[in-house]
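Q: Chains A and B, in that order, are what the protein sequence lines are. Each residue of the first sequence is one higher than the last, beginning at 1 in this note's numbering. Each residue of the second sequence is one higher than the last, beginning at 1001 in this note's numbering.
There may be inaccurate statements among the hints.
What the hints assert, rightly or not - Residues from chain A that face chain B, not an exhaustive set, calculated with beta carbons under 10 Å:
1) Glu3
2) Leu44
3) Gln145
4) Thr148
5) Ala156
6) Gly162
7) Thr168
8) Ile169
9) Leu206
FYI, nobody ran anything at the bench for these hints, they're computed from the structure. Glycine included, every Cβ here is placed at the ideal spot set by N, Cα and C.
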Amino acid sequence: MTELTLTQQFTMIALNAQRSLEMTNAKIVALRCMAVAVILEVYLDSGFTQDKNKLVLKKDVLNHSHSIRYRETILQPLGHTIGDLSGWLKQASLLSKRKLIEFEHAISDSLKEMSLLEEIPHILGCDLYFHSAGVEIKGYRSHIQEYTMITEHIRAEILEDGTVTDETICMLWLLRESGCMHDFFSRNELEQVSARMYRLHQDNPLGKALYGIRIHRGIELAIKQFLRMKKVAVKTPVGSGLNFLFPILERSQSVFIDTEAMFSNSTKRLHDVRMRLESMDHAVKVLGDGTIPIIKIDNTVYEAIPYATYGRVPIHGVRLLPIHPS
Amino acid sequence: MSRQRSMETILASEFVSIGELVRLTESRYSTLKFYTEEGMLSFEQAEENLTRKFNRQTTVARILLIKELKSNGLSIPQIKETLEMDK
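Throw the hints in and build the complete structure from the sequences for me.
A: What follows is the structure, given as structure tokens:
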């Protein structure tokens, strides 16, 4: 396992499956939290001195930040003194889109150099309409093994009794602020996590300083959460999701892959889907077969639900819906 | 302040946490938790609510053995049986 900084670890989670060339709403939320992770990383590395109730960035941290380019892109525009931890985190989250894009390039380059992040055709490009129109969409994919290790390590630390490290305390806060908690914890686990975070907020100095701070922007997060909520709003015998009714709302969550034959059987359907995905450089692993197979595509698990669209002629295929822990 | 231990430090330690075992063996937390609850991995715990500590060398070796047995097609009861005989 590679030793990664807090920002690099969070970036592996936050940028995974995001579109690399466009600035989507979900990516803005991710980038703001990644920028904030830089401040937390410096804070954990004792890069600040306390002056009354203000945190002052140590001069040597700023001077040496050019050696870690992604740090420089965040620290240079912020200056030396802003306020307390909350002030620093909020200022970092309010950086302009231009600065965030610069930061995105710096941090993604650092991960690409270690072969931990790559740009591949986005899964949306496998959708019938995008694929047949020849639209190329690029997306990020985090190294599958490393991604699993990072997320499983967080899960192990917070769901187990005992000490929680500072890195995990920060990661949980970042996951909360970026609205990603549901991606990694089931509903039952979320109750445990919530209770644990409450205890950390009471007893742990870092938890006390951090967990009361909110940096997320209500509107951005609300749009992100709405797009997720609509997925569970409708449950049908063959799956769940308002995507069946309004697939146009967020196509990336609802990919339709056409199959070669009409009324093809589940094995043939799965084969066709696999071929399409693999031809677009995606790593496909079948976790469960049957009428509705469960497949892991890169770092996300999907249900492949038989589906048909109707225009002049019906087109049969499968719709991919991401599964989150339930 | 309790910082995450580097891999170098973990590899030099006699005891590791379940989170560190996740990193060492590239296994899922839920898998290791299941093995622990099934008694397939032994641990030390000073008091309830304190971190469960696993002997690094023996536990890593055991997890690798379980993985190997699983890839050979053995079921969990069969693996448990094999581990019992191995003791």
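Q: The structure should be examined with respect to each hint, and the outcome stated for every one.
A: Going through the hints against the structure:
1. Checking glutamate 3 (chain A) against chain B: minimum C-beta separation of about 6 Å stays under 10 Å; hint holds.
2. With a least beta-carbon distance of about 7 Å to chain B, the hint placing leucine 44 (chain A) at the interface is held under the 10 Å criterion.
3. With a least beta-carbon distance of about 6 Å to chain B, the hint placing glutamine 145 (chain A) at the interface is held under the 10 Å criterion.
4. Of the supplied interface hints, the one on threonine 148 (chain A) holds, with its beta-carbon coming within about 7 Å of a beta-carbon of chain B, less than 10 Å.
5. For alanine 156 (chain A), the suggested interface contact is upheld, since its CB lies about 4 Å from the closest CB of chain B, less than 10 Å.
6. For glycine 162 (chain A), the shortest C-beta to C-beta distance to chain B is roughly 3 Å, which falls under 10 Å, so the interface hint holds.
7. A cut of 10 Å between beta carbons decides the hint on threonine 168 (chain A): the least distance to chain B is about 7 Å, and the hint holds.
8. For isoleucine 169 (chain A), the interface hint holds, the least distance from its beta-carbon to any beta-carbon of chain B being 9 Å, beneath 10 Å.
9. For the restraint placing leucine 206 (chain A) at the interface with chain B, the shortest Cβ-Cβ distance is roughly 7 Å, inside the 10 Å limit, so the hint holds.
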